[in-house]
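Student: Residue numbers (this note's numbering), protein chains in the order written: chain A, 51 to 532; chain B, 51 to 532.
The reader is advised that the hints may include incorrect statements.
Copies of the same chain look alike in the list, so a pair counts if it fits in one copy or across any two.
DSS-like mimics (lysine-lysine), calculated; alpha carbons at most 27 Å apart, straight line [as the list claims (entries may be wrong)]:
no., residue 1, residue 2
1, 228, 497
2, 228, 465
3, 142, 465
4, 142, 497
5, 458, 77
6, 390, 227
7, 77, 287
8, 227, 497
9, 109, 465
10, 77, 465
11, 390, 77
12, 497, 146
13, 227, 142
Quick caveat, the hints were computed from the structure, so don't treat them as lab data. Everything numeric in this text was worked out from a predicted model, so none of it was measured.
Read off the chains here:
2 protein chains.
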Amino acid sequence: MPPESPLWKIMHPRSVAWLGASNNLAKMGTIQLRNLLDAGFSGTVYPIHPTEETVLGLKAYPNVEALPEIPDMAFVVVPARVLVDLVEDLGKRGVKRAVIVSGGFKEMGEEGAGREAVLLSTAERYGMRFLGPNCIGVMHTREALNTTMFPVSVARGPVGLVSQSGSYVTQVQLYLKKLGIHLSQAISVGNEASIDVVDCLEYLAGQNDTKAVILYLETLRRPRRFFEVAREVTRVKPVAALYVGGTEAGGRAGGSHTGALAGNDRLYDALFRQSGVVRVFTLEDLYTVGYALASQPPLRGKRVGIVSHSGGPVTSMADACERYGLEVPVFSQALQEAIKPLLPATASAANPVDLTFGLGQGEMVTTIPRRILESGEVDGVLIHGIMGSSYREAFFRHFKGSLGISLKDIEIGQKEGLTELARIPRETGRPVICSSFMDREQDDCTKILQDMGIPVLATPEKAVRVMAALGRYGSLRGVRSR
Amino acid sequence: MPPESPLWKIMHPRSVAWLGASNNLAKMGTIQLRNLLDAGFSGTVYPIHPTEETVLGLKAYPNVEALPEIPDMAFVVVPARVLVDLVEDLGKRGVKRAVIVSGGFKEMGEEGAGREAVLLSTAERYGMRFLGPNCIGVMHTREALNTTMFPVSVARGPVGLVSQSGSYVTQVQLYLKKLGIHLSQAISVGNEASIDVVDCLEYLAGQNDTKAVILYLETLRRPRRFFEVAREVTRVKPVAALYVGGTEAGGRAGGSHTGALAGNDRLYDALFRQSGVVRVFTLEDLYTVGYALASQPPLRGKRVGIVSHSGGPVTSMADACERYGLEVPVFSQALQEAIKPLLPATASAANPVDLTFGLGQGEMVTTIPRRILESGEVDGVLIHGIMGSSYREAFFRHFKGSLGISLKDIEIGQKEGLTELARIPRETGRPVICSSFMDREQDDCTKILQDMGIPVLATPEKAVRVMAALGRYGSLRGVRSR
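Go ahead and model the full structure; you've got the sequences and the hints to work with.
Tutor: Structure, rendered in structure tokens:
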């Protein structure tokens, strides 16, 4: 992405003027600056403060004019009534980019909308582009850039997020951590007076750290331009969108939130479909589908194989596949014969492959998924119930040492198996999605798989839902195998 | 429930004959016995073993005949080929109840079905009723009874579970723990040769520790009897069911699992509706809806109030309400006027009530929900984002002590507010459902609320889905307010 994007310097600032922090640690602007510094941001930060000599230990400047250089970006958390004058000052100093957190604009009705128009024309007079007002800031994990209120030390991930709600950038951080989902960059767009969702989509399309883009939308201010941009982006990078402005209640709630008018649900539905955007309907799907799109190849057909050692989960998966538009074909005799030697006598090889519960699970992780995918009879594989530490704790805790093999050896063998599994999508061009009732803190297999890019969802149906979304992307991109 | 239920002694045994444990800790039967003992079961256990003098430290008996008393129940984990002879022995000794874990019966096709018929007729000859074969055992938290393979020390809860999949009783324990959901009793029915889902439903209907019953179904062997029983039970106790045998793939998968034939999806749908059973489509919904049904009053209409300090979540909730068939009515002027003094100037009082983000959240937890519910303008309230420890960590960690109030004082005030909130459903007869991105391990408010019986779901849409299910139950029971 060329530096020409209005987002470029906002997401890669070498220097930031910070307006609205003080040494009062109970103020939002101060908390946000504190978090930026704690995140290890390596650029220069210039706090602007009328009276303080230093702010949070940094040399402070009485006004923008006094800055020793033109900062790449200004971060603004000041009351609405003084904002326009400050933007004027920034413009005069030559500052071209800003993030404006301050509220009290279009989201407040007519009077606020008037204030926002003045703000925009002031900025435009100086060629300044800005995020907000009424936004929460940005995160760029590779740049250690976190201007939000939550002090999470964010691990690097492959998902780029653009959100018309600040909460879905900030409040969700601990939630995403539990799910093993990490972001590359996140942008809270607020009222979109100057920079909107389309600008952000265009920007993230060119960012190498971002393998898929997810959008939380209450409205689109430039639907036509969105269509043009999204159609191009989705040819090379998956995009998923959660749109909540299409119902009467959703539109009303969204309207009071960032000053947007509700759109029409069917119109948006067609817009997404025609531009290749995968539409989802819940926040959980937005993040989990986004992560799967970023880490897995698309599903190039509807046919999936199902593997587990548990009858309930394979049945849930099979039922959910059909409800979500996927197929669970009965394997050919040849494929069944090829798998059978790997299964206990009581197991079913027909698809779903139900190994029935036993104390070992090695084949489920390695040979069987590969053989199924290499057969060409399915387009992707779902696996439920790969367990490591939680399982050892449950079954082996009473007889450590009496196994003739150490737990350490089991761990090593397990790691090898999981690494082998994680290679399959890359090598076959077909996705693997897992589910496990044990999350990454409860079981090391879940953590290892997630960290190697294999999505592990909490329940069988969630895994199917994510797989179905990979299928929708495959179908929207026209990459069907038959 | 009278002791006449075939389940009574199985769920309340004072003495258990245990067939299939040894001192080899790598065997299933041994692991299960180990778990039973670890759970603190207070009844007498008689291991049966041909050669060992003791098993896991308990005096062992060479055969059933040698037992010093007739045990209330036998627990059987032996190979299928020796099972019938053992059941014959049990019958002769006068044992009337059993849990048969052994597999190799109807789930294995025709030959297995033949074996199962012999097993059943043998048991019947002695008036013996049993769970299984091919089941995983039972849990009864109040009795410290846990015969499953997972060594979880299960906390007491209000939800009774009957499952045709053993995994959904055992493997899910850590998953339920994360969700703050606890069971009263859980029954894995296996092949249902002698005792089936209907028997279990009838039994749990009469159990005081069970406030709602949830069913995982791949098929119903006695649909007519199910209808008669469920219709009666749902008059006094909510029942939710996840049925996965209605799709081609689900039916096929389920068939190979517990030897059941797939039913017809629409037929089952009508059956559930007409008998007052709330149907759900995912495992997550089964447990979360079950817990809400057990802990909250039904939603007696479609109208809900929404309260949060975050625009995204209220918009997601409003959108989801409409998609799931709930209404988000605009509040009357009178109600809006009553709420407004409690809100910041920038906030919306119309419904959703969006307090906009600030450092305090007291009114959201106490006064506002109560005022909304007491107005009679809505039938239930959804609240997103009550945060305690995670929030204090995020915002207050840098200035502990400089607040003029200690964190301890904040915690006490918070606990009082949450206790006040938890009283509202009982006092108004209307449900309160919450969502928070922070789970019970990440935030003390989530834990406190869940432990006081207020469901806290992980995302806004999940809270709405659970509320909608309370509405379906209210509607099925015919308890509408208008």
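Student: Could you check the structure against the hints above and give me the numbers of any it violates, in ascending order?
Tutor: The structure conflicts with hints 3, 4, 6, 7, 9, 12, 13, although it agrees with all the remaining ones.
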